[in-house]
Amino acid sequence: MTNPAACTVSDLTTVVGNALAARPELEDVLVEGEISNLTRPSSGHVYFTLKDRSAALACVSFRTHALRIPFAPENGMTVVAHGVVSVYPQQGRYQLLVDRLEPSGVGALALAVEQRKRSLAAEGLLDPRLKRPLPLLPRRVALVTSRTGAALHDVITVMGRRAPCVDVVFSPATVQGDGAADTIVAALRRAGRARGIEVVLLVRGGGSLEDLMAFNDEAVARAIRACPVPVVTGVGHETDVTIADLVADHRSATPSAAAETTVPSCGQLRAQLEALDRRLGEALRSELVHKRQRASRRSTSLDRLSPGWRLARMRQDLQGHEARLRSALLTGVATRHRGLERRRGSLALHSPLQALPLHRARLAGRSERLGAEVRRLVDGRLRRLDGAHGRLQALSPLRVLERGYSITVAEASGRLVTSAAMVATGAVLRTRLAGGSVRSEVLDGGAAASDAAPVERMYDERPGPPPSNEDRA
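By UniProt numbering, the letter at position 49 of the sequence shown is numbered 49, and the numbering carries on one by one without gaps.
Simulated from the structure, these hints should not be mistaken for laboratory data. Relax, there's no trap hidden among the hints.
Under the rule of at most 16 Å between Cα atoms (straight-line distance), these lysine to aspartate or glutamate pairs were calculated in the EDC-like manner:
1) K51 / E74
2) K117 / E218
3) K51 / E32
4) K51 / E34
5) K117 / D127
6) K131 / E198
7) K117 / D240
8) K131 / D249
Only a predicted model underlies this, so the values are computations on that prediction, with no experimental measurement involved.
When you get a sec, could you build the whole thing from the sequences and use the hints?
What follows is the structure in C-alpha cells.
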C-alpha cells in the first residue's frame, strides 16, 4: 500500500482559503457577538474577538473601514459585524474582515449615541452660540420628512391653519432603517439649495431608540450645521432628544410644535399689529405733547432774549440790589452801634479808676500784714540773738580767766603750754590773764616737748559752734 504524497502547510492553508472563498455565503456575513481582546495599534487597524457562550471568532477592521465605525467599540459590548470570512496564513486560522460594525441592543445603542454626543461636543458642533435666530414670518419653508408618515400631514395641517400664505416645499427622505441617514443628508442639501427657502423643518413621529438612530447619525448632524438657513427639528415625542435636536437651531417636542414655532398664527399677527398700532398712536400723541411743551419753552426762552425783557429784568434786579444794599447798610450801622455800646460798658467796667479804691484797700491790708510779719520776725531774731549771746558769754575763756586761771603759750612757736615739760630753760613765754598779759622767761624748766599742740584760736576769739541761719537773720 502506497502512502499519498504529503503537502506543505502553505499548500493546505491555500486549499482551505480557496474552499472558503468558493462559498458565496461567506462573502457577505452578518454575525452578532460580544467584543473581547480589543486592541487599537498605531496603524489605525482595530483587532478584536467576537464570542458567544461556545465559540470565538477573530476579527479585524482595517484602517479605512475602522474610521467609518460610528461609535467607539469597547470590550463587553454586543455588536453586529458585517464582513468577509478569510484565512490568515501566518497563523493558520480563519478570521472575519469587518467592513461595518453596529451596536446591538438598546444599551449598546444608547452608549454609541452618548459617545457620538461627546465627540461632537468636543468638536464644537453643539455650541449654543452657533444657533441662528428664526425669521419672524418666512415666506418659503422646506419640509424634510417621510412621504408616508403622519408628521407630513400634521405639519401641513398646522401651517395651513396658522399661515396659509406660507409656501411649503417638500423634500422627501427615509426617516428610519438602513440608509435613512444618507437620504436625510441628501434631503437637507436639496432644501438648502432650493430658491427662497428661509427655514427648514426636519420632522418625524415617535419611535424607539432604534427607529430614531438615523437622527443620531454624525452625517446628519454635520448636514444640519452646514445648512445655509436655520433648521428646526421635531423628532419623536417630548422625551425623545436626538443629536439632530442638539445641533439644530431650534428644537421642538413634536412635528406640530415645530410647525407652530416656524410660522406665527395670522390671528396672533393681526392682534400684534393692532397692539403695535395702538402703541404707535400713543407714542405719536405723547411725542406731539412733548413737542408742544418744548416749543412753548423755546418761545419763552426767545422772549427772554428780547432787549425789552432783558431791560425790565435788569431794572428789577437793580431795584432788588438797591433794597438789599439799603437794608444791609441800616443793619450794619445798627449792629456797629450796638457793638460800640457793649464795648463802652465793658470799658467802664475795666477802667483803672474803677479798680483803684479796691487796689488801694488791698495794698493797705497787705502793707499792714507785711509790717506785722516783719516785726514778728525781728522780735524772734532778737530773742534768739540774746539767747545765743548769753550762751557765748557763758562759754568764753575770759570768764575762766576772771576766776584766776591763765593761758600760757611759747612766744617762739605760739604753741599752748599745758605742761612744764613742754618748756626749756630760757624760753620766753606769754601768759594771758583776766586783765592783760605777762611776758616771762623760764629760768628753770623741762625739755620742750615736740608734740605740743598749737593754739587753735586767738585769745579774743569766742569759742562755740558757728551761728545758725536764724542767728544770722
